[in-house]
Amino acid sequence: MAGGTRGPVPVPLESKEHNVTQDVLDLLDTKQPLQTSEDFPSIPQAEIKAALDRLASRSMVEYQAHDSEQVLLTKEAEAIVSDGSHEYKVWKAVKDAGKVPIKELANVVGAESAKVGQGNAFKNKWVKKDGDSLVLVADTVKDNTRDLLKGIQDIKTLSDTKTLNELKKRKLVTVSKVIHYTVQKGPKYAREIPVEVTDLTAEMLASGAWETANFKPYNFNALGAPQDAGSLHPLMKVRQEFRNIFFSQGFVEMPTGHFVDSGFWNFDALFVPQQHPARDVQDTFFISDPPKADKPRADPELEAVMDQMESGSKKLFAPPDAEKKDIKPRDFEAYWKNIQDVHQDGAFGSIGYRYTWSENECLRLVLRTHTTAVSTWVLHRLAEDPQPARYFSIDRVFRNETVDATHLAEFHQIEGVIADFGLTLGGLMRFLEDFFSKMGIEGLRFKPAYNPYTEPSMEIFGYHKGLKRWLEIGNSGMFRPEMLEPMGLPKDMRVYGFGLSLERPTMMKYEVSNIRELLGHKVDLSWIKEQPAVRLEKD
Amino acid sequence: MPTITVDKAVLFKALEREYTTEEFDELCFEFGIELDEDTSLSTKPEDQAQPPQLKIEIPANRYDMLCFEGIALNLRVFLEKQQLPKWSLTAPASGELQTLTIKEETMKIRPLCSGVVLRNIKFTQERYDSFIALQDKLHQNLARQRTLVSIGTHDLDTIKGPFTYEALPPEQIEFTPLNQTQKMNGKQLMEFYDKDKHLGRYLHIIRDSPVYPVIYDSNRTVLSLPPIINGNHSKITLDTKNVLVEITALDKTKVEIVNHILVAMFAGYADSIEPIKIISPHNNESREAPDLAPRQMQAEVDYLNQVTGLELSPDQIAKLLAKMGYEITPSTSDSNLLDVALPITRADVLHQADIMEDYAIAYGFNKLPRYYPNKSSAVAAPLPINKLADIVRLESAAAGWTEVMPLILCSHEENFAWLNRKDDGKTAVKLANPKTAEYQIVRTSLLPGLLKTINSNKHHAVPIKVFEVSDVGFIDLSQERKSRNERHFAAAIMGKTSGFEQVHGLLDRLMLMLKSTFVTREDGLKNLKLGGYWIEEVNDPTFLQGHSAAIKLNLDGKNHTIGVFGILHPLVLHKFELPYPVSTVEFNLEVFL
Numbered sequence: 001m002a003g004g005t006r007g008p009v010p011v012p013l014e015s016k017e018h019n020v021t022q023d024v025l026d027l028l029d030t031k032q033p034l035q036t037s038e039d040f041p042s043i044p045q046a047e048i049k050a051a052l053d054r055l056a057s058r059s060m061v062e063y064q065a066h067d068s069e070q071v072l073l074t075k076e077a078e079a080i081v082s083d084g085s086h087e088y089k090v091w092k093a094v095k096d097a098g099k100v101p102i103k104e105l106a107n108v109v110g111a112e113s114a115k116v117g118q119g120n121a122f123k124n125k126w127v128k129k130d131g132d133s134l135v136l137v138a139d140t141v142k143d144n145t146r147d148l149l150k151g152i153q154d155i156k157t158l159s160d161t162k163t164l165n166e167l168k169k170r171k172l173v174t175v176s177k178v179i180h181y182t183v184q185k186g187p188k189y190a191r192e193i194p195v196e197v198t199d200l201t202a203e204m205l206a207s208g209a210w211e212t213a214n215f216k217p218y219n220f221n222a223l224g225a226p227q228d229a230g231s232l233h234p235l236m237k238v239r240q241e242f243r244n245i246f247f248s249q250g251f252v253e254m255p256t257g258h259f260v261d262s263g264f265w266n267f268d269a270l271f272v273p274q275q276h277p278a279r280d281v282q283d284t285f286f287i288s289d290p291p292k293a294d295k296p297r298a299d300p301e302l303e304a305v306m307d308q309m310e311s312g313s314k315k316l317f318a319p320p321d322a323e324k325k326d327i328k329p330r331d332f333e334a335y336w337k338n339i340q341d342v343h344q345d346g347a348f349g350s351i352g353y354r355y356t357w358s359e360n361e362c363l364r365l366v367l368r369t370h371t372t373a374v375s376t377w378v379l380h381r382l383a384e385d386p387q388p389a390r391y392f393s394i395d396r397v398f399r400n401e402t403v404d405a406t407h408l409a410e411f412h413q414i415e416g417v418i419a420d421f422g423l424t425l426g427g428l429m430r431f432l433e434d435f436f437s438k439m440g441i442e443g444l445r446f447k448p449a450y451n452p453y454t455e456p457s458m459e460i461f462g463y464h465k466g467l468k469r470w471l472e473i474g475n476s477g478m479f480r481p482e483m484l485e486p487m488g489l490p491k492d493m494r495v496y497g498f499g500l501s502l503e504r505p506t507m508m509k510y511e512v513s514n515i516r517e518l519l520g521h522k523v524d525l526s527w528i529k530e531q532p533a534v535r536l537e538k539d
Numbered sequence: 001m002p003t004i005t006v007d008k009a010v011l012f013k014a015l016e017r018e019y020t021t022e023e024f025d026e027l028c029f030e031f032g033i034e035l036d037e038d039t040s041l042s043t044k045p046e047d048q049a050q051p052p053q054l055k056i057e058i059p060a061n062r063y064d065m066l067c068f069e070g071i072a073l074n075l076r077v078f079l080e081k082q083q084l085p086k087w088s089l090t091a092p093a094s095g096e097l098q099t100l101t102i103k104e105e106t107m108k109i110r111p112l113c114s115g116v117v118l119r120n121i122k123f124t125q126e127r128y129d130s131f132i133a134l135q136d137k138l139h140q141n142l143a144r145q146r147t148l149v150s151i152g153t154h155d156l157d158t159i160k161g162p163f164t165y166e167a168l169p170p171e172q173i174e175f176t177p178l179n180q181t182q183k184m185n186g187k188q189l190m191e192f193y194d195k196d197k198h199l200g201r202y203l204h205i206i207r208d209s210p211v212y213p214v215i216y217d218s219n220r221t222v223l224s225l226p227p228i229i230n231g232n233h234s235k236i237t238l239d240t241k242n243v244l245v246e247i248t249a250l251d252k253t254k255v256e257i258v259n260h261i262l263v264a265m266f267a268g269y270a271d272s273i274e275p276i277k278i279i280s281p282h283n284n285e286s287r288e289a290p291d292l293a294p295r296q297m298q299a300e301v302d303y304l305n306q307v308t309g310l311e312l313s314p315d316q317i318a319k320l321l322a323k324m325g326y327e328i329t330p331s332t333s334d335s336n337l338l339d340v341a342l343p344i345t346r347a348d349v350l351h352q353a354d355i356m357e358d359y360a361i362a363y364g365f366n367k368l369p370r371y372y373p374n375k376s377s378a379v380a381a382p383l384p385i386n387k388l389a390d391i392v393r394l395e396s397a398a399a400g401w402t403e404v405m406p407l408i409l410c411s412h413e414e415n416f417a418w419l420n421r422k423d424d425g426k427t428a429v430k431l432a433n434p435k436t437a438e439y440q441i442v443r444t445s446l447l448p449g450l451l452k453t454i455n456s457n458k459h460h461a462v463p464i465k466v467f468e469v470s471d472v473g474f475i476d477l478s479q480e481r482k483s484r485n486e487r488h489f490a491a492a493i494m495g496k497t498s499g500f501e502q503v504h505g506l507l508d509r510l511m512l513m514l515k516s517t518f519v520t521r522e523d524g525l526k527n528l529k530l531g532g533y534w535i536e537e538v539n540d541p542t543f544l545q546g547h548s549a550a551i552k553l554n555l556d557g558k559n560h561t562i563g564v565f566g567i568l569h570p571l572v573l574h575k576f577e578l579p580y581p582v583s584t585v586e587f588n589l590e591v592f593l
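These protein sequences, in sequence, are chains D and X.
Quick note: the first sequence, position 68, residue 68 per the UniProt record's numbering, numbers continuous.
Quick note: the second sequence, position 15, residue 15 per the UniProt record's numbering, numbers continuous.
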């Protein structure tokens with residue numbers, strides 16, 4: 001395995017002159033405890049530490065760390081210790097030459113010493129001025145500065161704070177924190193580190209070497225090796241959770257495989273009037289090519305898919321032959337006419353919107369604004385043999401929105417539909433309570449709302465424990481008779497519809513505030529890879 | 001949803017009590033409107049500078065709540081502080097109604113007109129402002145930006161009937177528009193307001209018509225040029241006593257809805273509501289307007305109770321529905337029927353389903369018995385194409401590729417020119433009204449999205465391996481919707497080397513999982529019964545020449561070409577700004593269904 005921050009303890013490079021770990025072991029043989037500051041003064045602390053860790057992890061030594069302060073000489077001070085202080089150098093130059101012209105002093109002792117040393121030598125009465133030259137006063141002198149610094153160099157402390165501060169100010173010493181260690185023998189002390197192996201290998205198994213091998217200890221504080229893992233998109237993981245909820249409740253997945261739909265299926269059949277703002281170019285993508293839909297008609301391909309999916313329930317719930325009902329084939333012409341009537345003149349107990357209904361508007365192609373367009377198709381199919389049914393879909397829908405942090409032109413709609421006889425509004429609330437409890441949202445409240453194709457319409461509010469406030473989490477209602485009865489569904493068959501976006505709960509779940517970080521090509525790949533699996537009921 | 005701003009103190013005075021923000025929020029929630037903001041909680045200086053306001057969102061079909069008067073009235077009725085007024089007409093003392101004659105020429109541009117006179121109205125600044133604001137809200141919502149309906153209001157004492165509604169060439173119409181000082185004709189007016197921030201957006205409604213609609217009094221004073229602007233001459237002020245309302249429209253139903261709403265909201269400030277006589281024989285629209293008689297409907301007691309899960313008596317139902325403004329009497333002919341008198345304010349009620357909803361609101365949505373009748377069990381089933389797609393998704397992720405979700409819509413050039421592909425004009429579904437060039441067509445390939453995703457992730461270490469399983473769309477004139485979706489799989493790898501054998505290996509892996517075995521081309525072509533797939537070199541300008549292969553499939557005795565893979569052409573890399581070689585694979589999943 002390659003070295004680095006992960007995996008077994010990194011083994012420090014041994015310094016060229018000596019093997020620190022070996023030095024420690026050798027010295028411990030004759031002396032303990034060791035004080036690293038005294039016994040290994042020239043070895044850098046980091047190197048000592050690495051060696052001790054290496055030995056300690058093998059229980060060969062035990063050690064304690066101590067913090068202390070050290071007074072260290074600067075370069076200038078070290079020069080003073082070896083060559084004498086500036087004033088001493090001035091005095092020495094004068095003593096050697098007998099007389100030094102002031103102009104020449106810098107050439108003899110250097111500029112720095114000439115500048116600082118001259119004044120001090122005068123003050124100490126070591127030399128004096130004689131005309132333009134310096135001449136000797138004292139024959140012998142004692143270089144106190146040098147002696148002081150020499151003392152500090154040896155013991156690395158200075159108890160006289162006043163002098164210490166003065167030296168610090170003169171930039172002759174620095175004070176630094178040092179760590180040194182007291183080291184004793186550990187329970188597994190030996191003069192030599194036994195040979196270690198980093199990993200168990202096939203060869204060791206084959207040779208039996210594993211029995212005597214001395215395994216290098218593993219660093220349990222590091223991460224394991226990164227996995228070159230593939231991953232599923234978080235939004236799709238949430239989608240799968242929702243699908244599982246639907247499947248557990250016996251829902252059949254609707255065939256949503258067409259992004260393009262006609263005004264008929266997307267709006268008119270849903271009793272959305274042709275002047276409704278949702279049909280404005282500001283809200284809906286219209287299609288320029290191809291130009292126009294056909295009138296609604298049978299679709300054998302979709303039919304086959306639905307038959308395939310419903311074959312299970314058809315078989316299971318098949319009535320005895322005696323009770324078999326006649327299937328009433330769909331009449332698309334009549335449906336079309338019914339829709340026109342219910343909008344334009346009123347029908348099925350409704351006064352209608354009473355406007356001039358346009359066939360052209362109805363056949364305009366749009367990018368579907370909701371998957372409820374597909375639910376409409378499926379419910380019309382149900383009218384052939386009306387019986388209790390549950391359908392759902394999760395798929396892409398399109399709105400001509402101005403893109404911002406919470407809006408994209410595309411998102412996913414989660415849609416559920418339940419058809420049954422004699423359903424009640426409270427029953428829908430109860431169902432939704434159960435549905436949302438599966439993702440940990442309890443205690444729903446319902447607000448009356450307006451939607452052209454449901455009556456009553458209810459906005460669903462759930463209490464978000466994390467955010468500590470009520471949030472709108474979806475929309476629901478019972479489809480209007482003006483939508484259902486034109487299909488040929490019986491008056492006492494009621495249909496619940498409910499929907500929410502897939503993105504919103506996902507953004508809450510993963511704490512994403514910008515939808516563009518969730519859907520679309522700008523999403524960060526490492527974000528996709530690092531999001532945990534989804535368990536809606538858990539978090 | 002429209003948002004209406006009302007003065008908090010004035011509204012609470014009307015409701016005869018003080019509410020905390022939470023209490024009022026709760027009231028709104030129960031009634032089905034939404035308190036958007038209470039500015040007394042705002043820290044913005046502009047909010048603190050004025051008395052606290054409540055911003056209330058109104059459902060789009062409640063035109064009777066688009067002003068302070070309507071919100072106060074409906075909440076007072078809901079709280080049982082009052083009953084809904086019964087609006088009625090009063091003929092003028094003289095007995096002579098104002099008349100408005102509609103000329104047949106108006107059929108060419110805006111055929112309908114209605115109106116009403118409000119006598120002895122008492123305006124204050126607040127009432128006047130609300131009157132103007134309500135017209136604006138109606139214009140925005142119900143009237144679809146004045147296209148369907150537009151309203152003009154006039155000081156009746158400055159003009160003299162009978163009035164005429166005509167359609168004339170723009171040059172022949174001359175008047176001083178509201179708040180202007182100089183006269184102009186219809187054509188000049190269009191130029192004058194062309195750049196106007198407020199009115200400019202309505203000019204298109206009539207601009208190119210050979211005739212413009214116009215209303216005159218008997219002295220040929222122009223009242224208004226609907227749906228653009230009124231004349232300055234008849235403008236209403238705080239001192240106006242008698243208001244003439246004229247409403248022109250394309251839609252017969254909406255013109256009377258607007259008339260009703262204006263009457264219901266503001267007749268309370270006037271002494272009487274006076275009808276006007278409309279003479280319009282050419283389209284059988286001669287009548288007296290407005291008709292304020294309540295609309296009669298019937299509702300079934302068992303329907304109302306059954307859907308709500310309640311079991312209340314007709315009298316109890318009547319009492320609850322009175323809170324929503326209904327006047328209900330049990331039918332004398334059938335004990336299961338209720339005779340419902342609908343006030344003029346409730347144009348949104350179309351069916352007894354609407355009455356049922358109001359019954360549920362009056363009772364309290366959240367007090368309804370929450371009981372789910374266990375009537376049906378069902379058998380779940382996944383959509384076959386989704387099940388298939390999930391298999392491919394899981395296997396791709398297990399093979400070490402990362403799933404991405406780019407958008408379905410893309411620009412034309414990303415889908416064609418940038419991939420060195422030509423648009424034959426018969427393939428891609430094109431959008432008519434996108435807001436940006438990013439959304440011009442429905443993608444016909446998953447490649448643009450994958451390549452854009454890699455581009456956005458260039459800062460990551462290579463190799464980058466991504467895949468997507470999703471739909472593309474095609475024009476298909478044989479379909480009712482003239483188009484169809486197709487479920488595709490695609491993957492792309494960008495690395496220091498081409499990755500050709502990687503996408504090839506992923507293909508092999510997925511085919512293995514889809515129970516398709518690899519066969520040689522020779523065997524595959526020779527023996528149709530031999531199930532399996534093979535690849536053969538193909539010339540495809542998206543890819544580097546000699547480095548792309550078609551994916552061929554023998555399935556149930558049929559031969560398909562399902563896709564292609566290869567090393568992307570350097571020109572494609574250049575267009576998508578990708579610095580390293582990229583190989584891609586894409587194929588149609590639907591054949592495996």
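No lab work stands behind these hints: they were computed from the structure.
Treat the hints with care, as some may be off.
Listed next, the in silico PhoX-like pairs over lysine-lysine satisfying Cα-Cα at most 20 Å (straight line) [stated by the list, open to error]:
id, chain 1, residue 1, chain 2, residue 2
1, D, LYS188, D, LYS216
2, D, LYS129, D, LYS92
3, X, LYS430, D, LYS292
4, D, LYS150, D, LYS171
5, D, LYS522, X, LYS575
6, X, LYS426, D, LYS292
7, X, LYS482, D, LYS522
8, D, LYS529, X, LYS426
9, X, LYS482, D, LYS292
Structure-based check of all given hints:
For a cut-off of 20 Å, the pair hint linking LYS188 (chain D) to LYS216 (chain D) stands: about 14 Å separates their Cα positions. Pair hint LYS129 (chain D) plus LYS92 (chain D) holds up; C-alpha atoms about 15 Å apart against a cutoff of 20 Å. Straight-line distance between C-alpha atoms of LYS430 (chain X) and LYS292 (chain D) comes to about 12 Å, which keeps the hinted pair within the 20 Å bound. For the given pair, LYS150 (chain D) sits about 15 Å from LYS171 (chain D) by alpha-carbon distance, which is consistent with the 20 Å threshold.
Annotation: proposed proximity of LYS522 (chain D) to LYS575 (chain X) holds, straight-line Cα distance about 17 Å (limit 20 Å). Between the alpha carbons of LYS426 (chain X) and LYS292 (chain D) the distance comes to roughly 14 Å, so the proposed pair stays at or under 20 Å and holds. Proximity of LYS482 (chain X) to LYS522 (chain D) is assessed by CA-CA distance (about 31 Å); at most 20 Å being required, the pair is judged violated. Annotation: proposed proximity of LYS529 (chain D) to LYS426 (chain X) is violated, straight-line Cα distance about 39 Å (limit 20 Å).
Between the alpha carbons of LYS482 (chain X) and LYS292 (chain D) the distance comes to roughly 8 Å, so the proposed pair stays at or under 20 Å and holds.
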